[in-house]
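Chemist: Take a look at the letters that make up each chain.
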Amino acid sequence: MAEFFQHIINGLGVGAIYALIALGYTMVFGILQLINFAHGDVYMLGAFAGFYVSHYFGLAKNPGLFSLLVALACSMAACGAIGYCIERFAYRRLRKQPRVNVLITAVGVSLFLEFGGQLLFGADPKFFPTLYESGEPLVFAGIQINRLQLLVFVVSMLLMFGLRYIIFYTKKGKAMRAVSFNHDLSALMGIPVDQIISLTFVLGSALAGAAGILVGLTYPKIDPLMGVMFGLKAFVAAVVGGIGNVTGALIGALLMGVAEALVVAYWSSTYRDALAFGILIVILLFKPTGLLGRAAAEKV
Amino acid sequence: MIKNFLWLFFGCGLFIVLSPIVPEMINPYFFTILIYAGINITLAVSLNLINGITGQFSMGHAGFMAVGGYVSAFLTTTYGGSLQLPFLSIEIQEFLFFSFSLFVGGLSSAFLGYLVGLPSLRLRGDYLAIVTLGFGEIIRVVILNIEAVGGARGLPGIPKWTNFGWVFTIAFVCILVFQRILQSPHGRALLAIREDEIAAEAMGVNTTRYKVTAFMLGAFFAGVAGGLFGHFLTYLNPQTFDFNRSFEIIIMVVLGGMGSTTGAVVAALFLTGLRELLRPLQEITRLDFRMVIYSLMLIFIMLTKPNGFFGSKEITDFGPFRRFKKNPLNLAGEK
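As you go down the protein sequences, you meet chains A and B in turn. Going by this note's numbering, the first residue of the first sequence is number 1, and it counts up by one from there. Going by this note's numbering, the first residue of the second sequence is number 301, and it counts up by one from there.
No lab work stands behind these hints: they were computed from the structure. The beta carbon of each residue, even a glycine, is placed where N, CA and C say it ideally should be. Careful, some of the hints might be misleading.
Straight line, CA to CA, 20 Å or less: simulated SDA-like cross-link-like pairs of lysine to any residue [claimed, not checked]:
| hint | chain 1 | residue 1 | chain 2 | residue 2 |
| --- | --- | --- | --- | --- |
| 1 | B | Lys605 | A | Pro192 |
| 2 | A | Lys126 | B | Glu495 |
| 3 | B | Lys605 | A | Gln97 |
| 4 | A | Lys96 | B | Glu495 |
| 5 | A | Lys126 | A | Pro63 |
| 6 | A | Lys171 | A | Val193 |
| 7 | B | Lys303 | B | Ser484 |
| 8 | B | Lys605 | A | Arg88 |
| 9 | A | Lys96 | A | Pro192 |
| 10 | B | Lys605 | A | Ala60 |
| 11 | A | Lys221 | A | Asn146 |
Counterexamples of contact, computed for chain A against chain B with all Cβ distances above 12 Å [what the hints assert, rightly or not]:
| hint | residue |
| --- | --- |
| 12 | Phe37 |
| 13 | Glu133 |
| 14 | Lys171 |
| 15 | Ser198 |
| 16 | Leu262 |
| 17 | Asp273 |
Construct the complete structure from the given sequences, taking the supplied hints into account.
Modeler: Take a look at the structure:
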């Protein structure tokens with residue numbers, strides 16, 4: 001039984017990181033009805049930003065909470081900027097185009113980041129520096145909790161509550177919710193729609209950047225294609241929770257992480273990647289709105 | 301009707317006659333490129349039926365190709381050595397058996413297309429894209445785990461039966477079949493779904509059925525193309541059929557103009573050539589620019605000329621070819 005709970009704990013650790021990325025998908029989808037394929041690659045860039053920042057500032061020499069925070073801040077800023085650029089130069093010009101064109105562009109941006117990353121950083125995996133010494137694991141009733149895992153979990157929860165605060169308790173957040181409800185009406189109410197959409201991309205990408213660092217800490221091997229699978233799984237998590245719904249993304253991601261940990265533990269690790277899509281297909285078949293999503297009637 | 305069969309016989313006959321001559325005439329390098337170009341034409345034209353004409357954005361074409369390739373290669377490697385029908389020469393036996401295994405490969409691919417299509421084609425654009433993408437990945441993972449076809453080591457020792465005649469006859473048949481469908485009521489139903497699914501449904505088009513049919517047809521030819529690919533390379537590896545492969549086919553369709561068969565053919569030829577032209581650059585710099593260039597191309601096409609080379613026009617809309625045009629309705633959607 002202790003073993004089972006151990007897998008659950010491990011799953012929750014991964015799930016928290018999925019949640020950070022899933023939030024970006026769900027926010028952009030909520031506001032533009034667009035699946036931002038490039039989001040997974042923004043997360044990859046976050047990991048690389050952390051890698052280069054920690055080498056540049058020598059953060060790996062004195063690991064600790066401070067180094068981690070510096071790396072997080074730099075990576076979030078870098079990813080926010082990248083997210084802004086993607087929206088500004090690729091998606092904004094397509095706002096009046098058919099959705100399939102935007103979708104193709106998103107795929108294009110995603111591949112550009114992946115293979116541009118391969119050119120820039122080299123295709124071989126890099127070793128992410130240790131920014132935080134995990135030390136002795138904590139033990140509760142036979143279940144080991146790695147300090148690093150705990151830290152990752154806490155940091156992602158804090159970031160998510162920060163995001164929740166922005167969305168639900170600030171004026172900008174109110175504007176975001178209004179824009180996701182109806183672009184034209186929000187514009188009539190004096191909301192700068194383009195600016196709010198940019199803000200959404202910046203926030204989502206910054207969270208992805210943070211996720212990049214946290215994954216780098218947990219699985220210290222980073223490469224330019226790491227965002228593909230992880231991003232897709234995070235997307236599936238967002239769909240499971242009900243895409244467009246912030247709380248749903250969190251729940252979906254935690255479920256996803258646990259399901260994955262259990263499949264790896266009790267079945268086969270090669271099926272881990274197929275599992276996400278299996279879940280996606282089942283959810284879309286039986287409850288396409290996800291756990292917390294609400295059904296929207298299609299307007300003719 | 302008779303005219304179509306004449307076309308079919310004339311075209312296939314031409315390619316079969318050319319088949320032994322072409323490898324003698326050009327050097328092996330260009331011959332290889334030509335074969336790949338032919339396979340790419342089949343793939344691009346079959347994806348065009350799904351993505352361009354029916355307007356369902358599928359991103360798992362490499363998965364269908366993998367299924368067809370593996371099934372036919374499994375048949376020929378397992379049973380190909382023990383062909384013994386006493387009254388037929390070995391060439392004819394090989395020919396029949398190859399046709400049979402390609403057909404079975406295509407059918408199994410179409411069957412999977414049905415399995416995937418039936419549930420997922422109830423979904424709209426973006427979801428479908430993700431599900432098909434995921435499906436392609438699942439196929440790859442499953443093949444990786446099947447020991448009978450070599451798993452991650454790949455499947456070696458496939459007989460090299462693919463030749464010029466096979467590749468181009470199948471590309472030709474694929475184009476002809478899709479053109480005929482387009483000029484029939486079924487084709488118009490597909491176009492109607494692309495233009496406005498709700499309106500099509502209101503006019504009594506069974507949208508799910510038509511979408512699944514288009515999916516299965518596209519998958520069938522992708523499977524056959526996969527079989528040709530395997531029997532040309534004589535070796536199959538699950539890694540060949542990853543997402544990049546699907547993406548390459550997508551960019552052919554987008555570049556040519558979604559919905560234009562001519563465009564798909566031209567773009568398939570163009571991209572196969574471009575890949576070879578980029579090869580020296582890649583050897584000098586030791587970096588793979590190909591995907592970067594493809595992805596930038598995709599973004600720029602969408603930003604500047606979202607209709608690609610041909611829009612939804614066909615070659616029969618231009619100059620001297622206009623007299624071959626049959627039915628003005630295949631121009632639906634042209635503004």
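Chemist: Does each hint fit the structure? Answer for all of them.
Modeler: Hint by hint, here is what the structure shows:
| no. | hint | verdict |
| --- | --- | --- |
| 1 | B:Lys605 <-> A:Pro192 | violated (28 Å) |
| 2 | A:Lys126 <-> B:Glu495 | violated (47 Å) |
| 3 | B:Lys605 <-> A:Gln97 | holds (12 Å) |
| 4 | A:Lys96 <-> B:Glu495 | holds (17 Å) |
| 5 | A:Lys126 <-> A:Pro63 | holds (18 Å) |
| 6 | A:Lys171 <-> A:Val193 | holds (13 Å) |
| 7 | B:Lys303 <-> B:Ser484 | holds (16 Å) |
| 8 | B:Lys605 <-> A:Arg88 | holds (19 Å) |
| 9 | A:Lys96 <-> A:Pro192 | holds (17 Å) |
| 10 | B:Lys605 <-> A:Ala60 | violated (48 Å) |
| 11 | A:Lys221 <-> A:Asn146 | holds (19 Å) |
| 12 | Phe37 | violated (9 Å) |
| 13 | Glu133 | holds (36 Å) |
| 14 | Lys171 | holds (30 Å) |
| 15 | Ser198 | holds (18 Å) |
| 16 | Leu262 | holds (18 Å) |
| 17 | Asp273 | violated (6 Å) |
When held up to the earlier numbered hints, the structure conflicts with 1, 2, 10, 12 and 17 and fits the remainder.
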